[in-house]
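Could you put together the complete structure from these sequences and hints?
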Amino acid sequence: MSAVPSKQELKSSKRQLATVIDLSKCMGCQTCTVACKNLWTQREGTEHMRWANVSTCPGKGYPKDWEQKGGGFDGEGRPQPGRLTNLVDCGDNFQFNHGEVLGAGNAQGKKLEPRSARGEVPTWGYNWDEDQGKGDWPNPYFFYMPRKCNHCSNAPCIDACSRNAIVKRDDGIVVIEQDRCEGHRHCVEACPYSMIYFNPKSQKSEKCIDCFPRVEKGVAPACNRQCVGRTRAYGYLDDPESQVHKLVKQWKVALPLHPEFGTEPNVYYVPPMSPLAYDTEGRLTGAGRLPIEVLEGYFGPAVRGALDTIIAERNRRKRGEPSELMDLLISRRWLDRFAEFTAEPI
Amino acid sequence: MAKAQAKAKRVAASNEKLLEVDGAAWSGSSAIGIDLVPAPVTMAANVSGQMALSQNHGKVRRAEARLAHNGETLSVRLSWRDSDKDDQIADLDRFADGAAVMFPLLDDANPLTMGDERKPVNAWLWKADREEPFDVIARGYATSQRRPASSSQLASNALHRDGQWHVVFQRPLELEGGEFARFAPGGLARIAFAIWEGSNAERAGQKAISGAFLAVELEA
Ligand code: SF4
Ligand code: SF4
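Going down the list, the sequences are from chains A and B. For what it's worth, my numbering labels the leading residue of the first sequence as -5, then goes sequentially. For what it's worth, my numbering labels the leading residue of the second sequence as 26, then goes sequentially.
Derived by calculation from the structure, the hints in this document are not laboratory data. No incorrect hints appear here.
Pairwise CB distance ranges (calculated): (1) A:Glu171 with B:Asp109: 28 to 36 Å; (2) B:Gly202 with A:Cys23: 57 to 65 Å; (3) A:Gln172 with B:Asp47: 36 to 44 Å; (4) A:Ala281 with B:Asn71: 48 to 56 Å; (5) B:Pro65 with A:Gly113: 36 to 44 Å; (6) B:Asn71 with A:Arg37: 28 to 36 Å; (7) A:Pro285 with B:Ser108: 45 to 53 Å; (8) A:Asp164 with B:Lys42: 55 to 63 Å; (9) B:Asp109 with A:Asp165: 41 to 49 Å; (10) B:Asn135 with A:Cys23: 53 to 61 Å; (11) B:Arg87 with A:Asp59: 35 to 43 Å; (12) A:Gln2 with B:Arg35: 49 to 57 Å; (13) B:Ser108 with A:Gln102: 45 to 53 Å; (14) B:Glu244 with A:Glu171: 43 to 51 Å.
Everything numeric in this text was worked out from a predicted model, so none of it was measured. Quick reminder that beta carbons are idealized off the backbone N, C-alpha and C, glycines included.
What follows is the structure, encoded as structure tokens:
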């Protein structure tokens, strides 16, 4: 029998695939969520799972309160304790009384009522706090946050698995080998992004697989390819021709979410531009509505430089000068976003 | 040969009778008191950084074991107090109760690490939410492999009554091939115990263990 592989072996890869999401363009349509759900989580035991999901920021997020759940590493690289999520945190699986409402003679008397997985009147669910955001009249603010597994370069889920069932592939995609998983859920505790879900039917943990069966055939992951907002780019980080490389490495305008978790995530976000604020008379003030401190809370101090770059390039374009960055963010040709992953899914 | 610390009585009962948790076949065998301690997890940091942070596992501190054989099979009956019966995983943050007995394949295998590369251990694992037990082979942390009960003709039966779990494991004394513990009338069995309290989120290395192997003589 072969020796037990070291965590370092399990965590390293030859290359790294990455996704960039432009938050100024995301409209919260959930097409990415549905594209993923249709492909991967229609099996029994996966009803509560949304490997790809979109929630409103600031907000409790999905799964509920994930930013407070713990896990990841501290400044010294020590793993931090984390808690498990439950069915309701994970968006529940509402059941409706369709039979009652649609049954003969009932149409006037019954109204449609959801019941939670626990059989109760729901008090939480997926996107329960959609579009609430924060801020006072006349300047409320929010933006949408599409998420999936970050396929971290320093993945604490790999460190956490006592079965060594979680591995990083040569292309950088992190997968849970279902044959080895025994459902102990240390990975669920360790992932500070709450991107691992327990399947109570198979009694194994599951998560986003970055659509690797598609990727192996040159097809971009479904969440990225199906995005109607043209917000998403995909490719190898070390491919100088890829948009992900240009946005992350060259222009440095795409940043990881909560870098302080110490996991080196590989989903990067172009931070949202702020809509302009109004004064009490309804006149535009020229100031932004989205407090920079709020954005720093998500993306760290680097968000200031990223926004400065984007604004400077936008101003160049306003003056009629060329801007490679604006061209990248616009992506007039949709398939330019996906580097070599432009094949049709058929 | 090491000195026996306890005895597995030879009984005339059938396998079926010995699988009955509270059957008369068990009336003659004396109880062995087992003290349990929280399994040390800090030394497992390199296999699970998260598990190594666990501080409150190992809730069950006392169990009672009875062993008997009928010349054909060895039966081990384990009882312990547990007021929360966790026999299903009702939500994503819930765990099932469990128990295991473990045997070294070579005498001086380390029970705390579940053996090592050269000295494997064999265990029988019962989980309250599963129909059948697992036969486990391990060569140290992170190497344990669950094999189907049929691989060793392993059987189990469990009952939760009056705030107590009673679990019986049963397996043929001798088996052809495979990496399985072997037993013989007149010989010595070395055995260690583990219990998982589901309501305390105990699973994997987060468990209560008996520590050193207990030497049990199988009556000739
Ligand atoms: S986001 Fe979570 S599940 Fe995905 S690689 Fe990072 S730690 Fe693991
Ligand atoms: S499909 Fe695109 S625009 Fe729609 S929610 Fe997802 S990332 Fe945002």
